[in-house]
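Using the working numbering, the letters of the sequence shown correspond one by one to residues 1 to 1189.
A portion of the hints provided could be inaccurate.
[Unchecked claim] Result set (PhoX-like, lysine-lysine): computed pairs, CA atoms no more than 25 Å apart in a straight line:
1) 761 with 779
2) 54 with 113
3) 280 with 237
4) 113 with 98
[To be verified] Estimated spans, in silico, between C-beta atoms of each pair:
5) 1056 with 999: 40 to 46 Å
6) 281 with 321: 24 to 30 Å
7) 665 with 788: 57 to 63 Å
8) 973 with 1071: 27 to 33 Å
9) 780 with 652: 34 to 40 Å
10) 654 with 281: 49 to 55 Å
11) 511 with 617: 23 to 29 Å
No lab work stands behind these hints: they were computed from the structure.
Yeah, the Cβ is synthetic: ideal placement off N, Cα and C, and Gly gets one too.
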Amino acid sequence: MQPKNMMKKKSTSASKASLLLFLCQMISALDVPLDSKLLEELSQPPTITQQSPKDYIVDPRENIVIQCEAKGKPPPSFSWTRNGTHFDIDKDAQVTMKPNSGTLVINIMNGGKAEAYEGVYQCTARNERGAAISNNIVIRSSRSPLWTKEKLEPNQVREGDSLVLHCRPPVGLPPPIIFWMDNAFQRLPQSERVSQGLNGDLYFSNVQPEDTREDYICYARFNHTQTIQQKQPISVKVLSVDSLNDTIAANLSDTDIYGAKPVTERQPILLTPTGSTSNKVELRGNVLLLECIAAGLPTPVIRWIKEGGELPANRTFFENFKKTLKIIDVSEADSGNYKCIARNILGSTHHVISVTVKAAPYWITAPRNLVLSPGEDGTLICRANGNPKPSISWLTNGVPIAIAPEDPSRKVDGDTIIFSDVQERSSAVYQCNASNEYGYLLANAFVNVLAEPPRILTPANKLYQVIANNPALLDCAYFGSPKPEIEWFKGVKGSILRGNEYVFHDNGTLEIPLAQKDSTGTYTCVARNELGKIQNEVQLEVKDPTMIIKQPEYKVIQRAGQVSFECTIKHDPTLIPTVIWLKDNGELPDDERFLVGKDNLTIMNVTDKDDGTYTCIINTTLDSVSASAVLTVVARPNPPFDLELTGQLERSIELSWIPGDENNSPITNFLIEYEDGLHEPGVWHYQTEVPGTQTTVQLKLSPYVNYSFRVIAVNEIGRSQPSEPSEQYLTKAANPDENPSNVQGIGSEPDNLVITWESLKGFQSNGPGLQYKVSWRQKDFDDEWTSVIVANVSKYIVSGTPTFVPYEIKVQALNDLGYAPEPSEVIGHSGEDLPMVAPGNVQVHVLNSTLAKVHWDPVPLKTVRGHLQGYKVYYWKVQSLSRRSRRHVEKKILTFRGNKTFGMLPGLEPYSSYKLNVRVVNGKGEGPASPDKVFKTPEGVPSSPSFLKITNPTLDSLTLEWGSPTHPNGVLTSYILKFQPINNTHELGPLVEIRIPANESSLILKNLNYSTRYKFYFNAQTSVGSGSQITEEAVTIMDEAMASRQVDIATQGWFIGLMCAVALLILILLIVCFIRRNKGGKYPVKEKEDAHADPEIQPMKEDDGTFGEYSDAEDHKPLKKGSRTPSDRTVKKEDSDDSLVDYGEGVNGQFNEDGSFIGQYSGKKEKEPAEGNESSEAPSPVNAMNSFV
1 MQPKNMMKKK STSASKASLL LFLCQMISAL DVPLDSKLLE ELSQPPTITQ
51 QSPKDYIVDP RENIVIQCEA KGKPPPSFSW TRNGTHFDID KDAQVTMKPN
101 SGTLVINIMN GGKAEAYEGV YQCTARNERG AAISNNIVIR SSRSPLWTKE
151 KLEPNQVREG DSLVLHCRPP VGLPPPIIFW MDNAFQRLPQ SERVSQGLNG
201 DLYFSNVQPE DTREDYICYA RFNHTQTIQQ KQPISVKVLS VDSLNDTIAA
251 NLSDTDIYGA KPVTERQPIL LTPTGSTSNK VELRGNVLLL ECIAAGLPTP
301 VIRWIKEGGE LPANRTFFEN FKKTLKIIDV SEADSGNYKC IARNILGSTH
351 HVISVTVKAA PYWITAPRNL VLSPGEDGTL ICRANGNPKP SISWLTNGVP
401 IAIAPEDPSR KVDGDTIIFS DVQERSSAVY QCNASNEYGY LLANAFVNVL
451 AEPPRILTPA NKLYQVIANN PALLDCAYFG SPKPEIEWFK GVKGSILRGN
501 EYVFHDNGTL EIPLAQKDST GTYTCVARNE LGKIQNEVQL EVKDPTMIIK
551 QPEYKVIQRA GQVSFECTIK HDPTLIPTVI WLKDNGELPD DERFLVGKDN
601 LTIMNVTDKD DGTYTCIINT TLDSVSASAV LTVVARPNPP FDLELTGQLE
651 RSIELSWIPG DENNSPITNF LIEYEDGLHE PGVWHYQTEV PGTQTTVQLK
701 LSPYVNYSFR VIAVNEIGRS QPSEPSEQYL TKAANPDENP SNVQGIGSEP
751 DNLVITWESL KGFQSNGPGL QYKVSWRQKD FDDEWTSVIV ANVSKYIVSG
801 TPTFVPYEIK VQALNDLGYA PEPSEVIGHS GEDLPMVAPG NVQVHVLNST
851 LAKVHWDPVP LKTVRGHLQG YKVYYWKVQS LSRRSRRHVE KKILTFRGNK
901 TFGMLPGLEP YSSYKLNVRV VNGKGEGPAS PDKVFKTPEG VPSSPSFLKI
951 TNPTLDSLTL EWGSPTHPNG VLTSYILKFQ PINNTHELGP LVEIRIPANE
1001 SSLILKNLNY STRYKFYFNA QTSVGSGSQI TEEAVTIMDE AMASRQVDIA
1051 TQGWFIGLMC AVALLILILL IVCFIRRNKG GKYPVKEKED AHADPEIQPM
1101 KEDDGTFGEY SDAEDHKPLK KGSRTPSDRT VKKEDSDDSL VDYGEGVNGQ
1151 FNEDGSFIGQ YSGKKEKEPA EGNESSEAPS PVNAMNSFV
């Protein structure tokens, strides 16, 4: 006998409910309510609720627990059979049964052996109503045997050959899990070339030198016992071709011809399975595993197909680098021929596996429990399927029905038992067994015949509340056997309820389809059968419905605005409503901008995210009403959707779409973008755009592009999110339409030609296998083109070319389908070499003391050996003629672009000796230098004296000391000293000029006025002229007697008072001037600066011809006229007024494209001081005191 799988464990209430299910297919069968108190009172046959699995493998180190749980009323008793005979547990001290349970515990921990208790066990649960049985539970002890000892020979295999390392693990229970590791317990890496088969062997499609190792170890893990067994290490030595040749040479004489063949590529052969066909049987619902492992060099790739059909979607998986085909949950439809194909570049092989799916029995209709009243009829149906079709057998209370006691109320008809006019003695548990060669099913189903008076399970005086105009359902849950009849009354003395205004349900419920206010009252339910009668009262209250009298309205709002939705309600006064606001059927955002009032919702500072449907829901305990309104925020449009491609052609396609919501701002246009999934997946490119009224567009396509399109809608607010991508469309490959651009030929070495170009972009290739045909020939020399085809690169180097000769070049694209149109030709040049000769006939013409012009003869173009870029002039100062001293040579370079033969040398130092040479320049570099050419610059005006100091002031003299100019720029002839007094009104006096020999460095000026300020102008001269001047000021001291008188006056009280008054007035005057200046009054800085300028440019007064007023350098009062020197008393060097062109470029110049110099030399000389006829006193405090004498 083959019993059924164990049932799943349920909760207590659910378990009781499962015992008393309604009678299948019989109208008169009883429905037993799921009432716990009732269930405890009713008798019921046993039901198995938990049992061990059919195939139960136990751990021999732990106690064996065989589960068997059941329930029934009265509680069942338990017994066991072992190997078909009664198992008396009382006679075995190692075996106990749990209290109130049938679960066996076999004590192995105290010396018992699990192997002694192996066998087939079956549990029986029995009470006075029948007996239920468990499945046959096969107990087996798990085993993890050791590997048998074997002598493993080292594996020597030639490089490139295939190899199989056999594992052959010991037979365990359950079978072990196999894996390969090394001595360091690291898993051996596996790949398409090296992988483990389903049988545990390690397969090498071809061995490589790196496969040589001595620690290939197969491990078997027995999960049940948590043990791992290890095979002895296997040694593999891969013999390379070189090592084979050495071995052969060592074993042959010198006269023998020897040599191993090189590693040769081999087409695939299958290592497993062998032969061309094989068979595989799998059971329905299991996992189908098919395997193909091939040898070959290069490593073959495995592909799977099903002949005459497709591999099942969503259930097919590839494992072990596609060597294993895995189909889960197989069914009979998966039967068929599966072909594995192993392929490499040399060929292919295949193997066909014929798969047959058989099926252990599975349920179509399992028998269900029956609860009947005496005299009723019923049926038990047991239908199962399988392959082959299972046989059905019946048992009653665990005994084959053929030998069970007869019951006149039952009749067996194949997979059905028919019951008629049952009596209480007909109660029993029936077992249905469906079995075939692949397994069995066992199901227990009881027939419980009950005789019970009526019972009403609905609580007394239960209150029902409903809303008017809605159905009212008044329960009257009942039970009785035979099934009671139900009647309803309204009121204590009311008549029985009948008519169309009521609906009476089979479960006893009374339905009032449209309850009104007058339906309120007391209702009585009466249940009766032949064994008795019972009644129960319930209460019904009918309430007014809840209504929304002012609903929220549709709103359109701009961003940052405020919006309110109203929701005013009316409800039954006895009900308490609650108001809930939802957005798009979800909770309102957790945002303080959302303000929920008593009957309204206000949203502050509206954003795009607030767009949606707002719903107010009013809930009471009896009803719920809602009203919704849409808030539209003017925003960017929603993305288009439902993109569709039609009219597919090789170079065009039509795209259509449905626009998304424009969000109250009309769509102005649509942007179409495309993605090339073949060349640039994930990158979207602009394709075109169309007006907003258009929803289709004809798109031009390029060959060999896997197109996906998406559409973006645009309105005045902005762009929408992109639409979902369209389906992909792969255009056919074609010849390239265009050739690479920017083709150039420029040599990098004197004997090569580097041809470069801009490669075509991915989709420009128009097909796979993009290459380039590079062609070249020497211009005006070769008639035939030399061509080479290169891979998808952007450069090709032609070697062995003559130096700098022109070539005609063309680059043509091609792919696997053909060539692009004939390309245009470009002219390039082979590599340049340094120029061979220097420019000749170099001549220098000195134009002035700072500028020279150089001429040269151009070199022959043939000697340039490259592109003529120009000429470089190197020049440097050898020495100054005035000092005859050499210094560090700093060479300067000027470059003159193009084929120029002259140039200007600016910035020369006067009165100096220079050298220069000229070199021709090409792309490679500079040629040899011309012989050095010497030239000299004439004298120029000197720079200003290096310093001017005025010392030793006396009453009528001052001592002047000076330094010679830093740059004499020639032979100094003399120094010029000019000076003039400055009186206390800042006016300049008469100018005196003195010429001083050049060899002097000091001078004492005598016969000067005492206590007078003088301004001095000092410069040096050469034969060319005067240089820049330097200025200085000084004051002579006053007479001692006068100073004594002034001191006496200063001690007088009246003088001290007068001076205080004057000081106060001056302070007030300064404050006023300061306030005026801060208010923006004009401060004549220009006039003050002019006061110290060269006296020769002092303006004359128009009325009397006198000099303008002067301001002291330390006095910041406004001046009437005149100028002054800078505060640091320095004078700028004289600049040149020459205006030059054709200067070279480089360190010292800027040049136009033709090599001419940009800019000019210009400057201003300080003019000589002007003569004057006025003298003045210095504005010193002493002079101020003298004015009061």
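Failing hints, ascending? 1, 3, 5, 8 and 9
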